[in-house]
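Chain by chain, the residues run as shown.
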Amino acid sequence: MTEVLSEQMGSGSHAGALLEVDNLHVEFRTRAGVAKAVNGVTYSVDAGETLAVLGESGSGKSVTAQTIMGILDMPPGKIAGGEIRFRGVDLLKLPEDQRRKIRGEGISMVFQDALSALNPVFPVGWQIAEMFRMHRGTSRGEAKKKAIELMDRVRIPAAKERVNDFPHQFSGGMRQRIMIAMAIALDPEILIADEPTTALDVTVQAQIMGLLAELQRDSNMGLILITHDLGVVADVADKIAVMYGGRIVENAPVYDLYKNPAHPYSKGLLESIPRVDHKGHELYAIKGLPPNLLEMPTGCAFHPRCPYRRDNCVTDAPPLYTISGTRGSACHYWREVIDDGEH
Amino acid sequence: MGRYAIRRLLQLVPVVLGTTFIINYMVWQLPGDPFAGRCGQRPCPDAYVTAMREQFGLDQPLLVQYGNFLKNLVTGNLGVDFNSVSVASLLGDAWPITIRLALMAVIFEAVIGIGAGVLSGLKRGGFIDNVVTISTLFLLSLPIFVTGYLLQWLLGVQLGIITPTVTDEATVPELIVPALVLASLNMAFTARLTRTSIVENLRSDYVRTAVAKGLSNRRVVAIHLLRNSLIPVLTFLGTEVGSLMSGAIITEGIFNIHGIGGLLWRAILDQDYTVVVPVATLLVLVYLLANLLVDLLYGVLDPRIRYE
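Here the protein sequences line up with chains U and E, keeping their order. FYI, in our numbering the residues of the first sequence are 1 to 343. FYI, in our numbering the residues of the second sequence are 1 to 308.
Do not take every clue at face value.
Derived BS3-like pairs: lysine-lysine, alpha-carbon spacing no greater than 30 Å straight-line [to be verified]:
no.: 1; chain 1: U; residue 1: Lys78; chain 2: U; residue 2: Lys160
no.: 2; chain 1: U; residue 1: Lys36; chain 2: E; residue 2: Lys71
no.: 3; chain 1: U; residue 1: Lys93; chain 2: E; residue 2: Lys123
no.: 4; chain 1: E; residue 1: Lys123; chain 2: U; residue 2: Lys101
no.: 5; chain 1: U; residue 1: Lys78; chain 2: E; residue 2: Lys71
Keep in mind that the hints were calculated from the coordinates and are not lab data. No experiment lies behind these values; they were computed from the predicted model shown.
Input sequences plus hints: build the corresponding full structure.
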């Protein structure tokens with residue numbers, strides 16, 4: 001029963017998944033030492049599937065995404081091992097000009113802060129049209145028409161009138177829609193959304209998540225949704241990978257994880273969501289601080305903060321135990337965590 | 001934008017009035033009588049001095065003199081100098097030469113300065129970056145007249161590559177070295193400013209987006225990075241056109257160029273204020289218009305700046 005999940009995880013992922021991250025290691029060389037940002041992350045996404053990658057700042061979720069896109073700053077970043085297979089081909093071994101063609105066409109990305117991620121000196125329509133002009137050689141006029149169509153598709157009101165406006169002339173939600181329009185312009189097979197709603201109002205957050213889900217359904221994209229907000233993912237995701245200290249500590253179909261987490265960290269995250277029926281009680285918070293990437297705790301990285309800690313947690317790093325075909329937990333005592341039941 | 005331009009233009013009026021008044025007032029307040037020493041070894045007869053003072057209106061109160069100056073300026077009548085040569089014709093001879101020199105200097109500043117800055121910014125810590133950092137520091141720490149005399153001596157006198165002084169025609173090839181000298185300080189500063197700006201923007205989110213869009217490296221740098229990085233650089237180049245004009249006085253002196261600088265220099269030595277005042281006024285106008293142009297251009301370069 002407690003086998004180690006060596007390669008793939010999650011439902012519907014076998015040798016042929018569209019995008020597979022396999023035992024990825026990424027380090028940052030800093031003056032203070034080597035920071036191990038990603039330590040053997042393995043996940044996969046198939047067409048039409050949504051994977052939510054959950055974790056706090058510094059858990060390695062964004063670094064993994066940047067490595068997939070090939071936009072990691074190197075140096076100081078360094079890929080220390082692993083593979084990223086897209087349609088079975090290891091991206092990390094591809095020459096730069098071939099990787100470049102996959103960006104935008106095959107795998108695309110939406111960033112957190114659209115105001116700084118869009119170029120301030122070019123009109124938004126121009127920035128969307130650039131995708132067609134540079135990847136497909138479309139003429140300026142034709143590309144602009146397609147940009148307007150895309151702006152319509154992401155429901156920007158009066159797209160035709162606003163196509164020549166600049167990013168700063170839009171509201172936060174509208175700017176994020178433009179980012180999304182740009183990312184889906186060439187019908188990519190995988191869309192990575194790195195905290196797409198973190199900088200937005202709650203009402204706008206829901207709209208943007210709805211838009212992403214709808215676009216994904218329409219074009220059968222694989223969606224990787226990176227977030228630290230459990231509330232955001234519940235409706236949208238098919239499966240969840242929870243990251244801590246550069247590792248995946250739990251992966252599960254979304255319903256299973258919400259109902260019954262199998263890792264103390266996931267459990268802590270769920271319990272720290274404010275709930276109406278707990279009104280008047282103190283809000284739960286995971287004790288302690290995220291691990292220092294320069295000096296990772298021995299054994300399980302979560303042990304200094306873990307209520308289930310035993311002696312062997314300090315010395316033995318837990319492998320990713322298989323709970324069922326589609327679930328895994330990197331906790332020696334996952335049974336106990338599950339048996340504690342619904343939080 | 002149009003309203004803003006007009007408002008800015010109107011703001012220039014009091015500035016022009018103030019500066020020209022100060023110029024007029026100061027030059028006539030300088031010690032020494034400009035006419036007393038114009039008769040060779042002998043002192044000039046009182047009758048001559050009085051007649052000249054009357055001819056150039058120096059016997060009238062300052063405000064009347066200033067009024068006359070303004071009237072002449074508006075009608076375009078710049079009068080004659082103390083030798084009865086038309087000031088307009090003096091300016092007509094000298095002005096094109098200085099414009100040529102200054103334009104060449106601006107081109108050197110922009111092409112060499114921006115080029116060096118981009119190359120060193122893109123490969124921070126590399127060989128080119130070190131060369132640029134050291135050579136710009138060298139240029140920045142040398143006063144312009146040292147650079148000028150040094151190049152004149154080295155290239156003109158020792159190596160004979162150029163003629164040490166420039167002929168009356170002041171052709172473009174002759175002006176290359178003087179223009180480089182004139183440009184040297186601003187060129188070095190432009191290179192440093194460009195480098196800083198490139199390094200800063202290289203880490204920005206929109207450059208990362210451009211890479212994530214799958215654009216070629218060349219397009220990311222030449223379109224997305226450069227366009228943003230050049231905003232402060234072009235502003236600097238524009239505002240420094242005025243300082244080029246005053247730098248031209250020194251450079252033109254070193255290389256014996258008969259431009260505005262040379263004209264102004266000789267006129268000051270001769271205390272020929274009928275020349276000093278219009279030339280200084282012209283320099284003020286160039287400086288003000290260059291600044292206005294930069295302010296307007298800034299709104300075009302950076303759409304986040306909105307006038308109204």
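_Restraint check for lysine 78(U) with lysine 160(U), where alpha carbons must lie at most 30 Å apart_ = Violated, at about 44 Å.
*Hint consistency between lysine 36(U) and lysine 71(E) [alpha-carbon to alpha-carbon, up to 30 Å]*: Given that 30 Å is the threshold and the Cα spacing comes to 77 Å, the pair is violated.
*Straight-line Cα separation of lysine 123(E) and lysine 101(U) no greater than 30 Å?*
24 Å, holds
*Can the restraint linking lysine 78(U) and lysine 71(E) be considered satisfied, given a maximum Cα separation of 30 Å?*
Judged against 30 Å, a Cα distance of about 73 Å means the pair is violated.
*Going straight from one Cα to the other, do lysine 93(U) and lysine 123(E) come out at no more than 30 Å?*
Measuring from Cα to Cα gives roughly 24 Å; hence the hint holds.
The earlier numbered hints that this structure contradicts are 1, 2, 5.
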